[in-house]
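Peer 1: Sequence:
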Amino acid sequence: MALAEFEKKERRLVILRLLAEDTDYRAPSSLIERGLEMYALSTSRDNLHTELFWLKEQGLVTLDEIATVYVVTLTQRGLDVTKGHATVPGIKRPGPGA
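Anchor point for the sequence shown: position 84 equals 103 in the working numbering, and the numbering is continuous, going up by one each time.
Keep in mind that the hints were calculated from the coordinates and are not lab data.
Please note that a few of the clues may not be correct.
Estimated spans, in silico, between C-beta atoms of each pair [to be verified]:
(1) Ala21 with Thr42: 35 to 41 Å
(2) Glu24 with His68: 16 to 22 Å
(3) Glu84 with Leu22: 19 to 25 Å
(4) Ala21 with Gln95: 27 to 33 Å
(5) Ala23 with Ala86: 18 to 24 Å
This structure is a prediction, so every number in the text was calculated from the model and none was measured.
C-beta atoms are modelled at their ideal positions from N, C-alpha and C, and glycine is treated no differently.
Input sequences plus hints: build the corresponding full structure.
Peer 2: Here it is, written out as structure tokens:
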């Protein structure tokens, strides 16, 4: 597996974890973009939107478009993935104690 594929799986998990850290499990895509930069997983805005739509297709987040920003909300299934209670191909599985 190429490094880019590992990075994509890690990025998806980090997006879900960033949302799980928020008190209402939601954040604007611009804030998620900055959060990814903190984890050395920065990507283009276009690629971030592609990842968000992929996560939506998997039932892990919902998206509400407001102007040029998406408000991303974690679903229960998405929260389960961050805790390791559910697995989704294409997302890194968190380690023990996640």
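Peer 1: Taking each numbered hint in turn, which are not upheld by the structure, reported in ascending numerical order?
Peer 2: Violated: hints 3 and 5.
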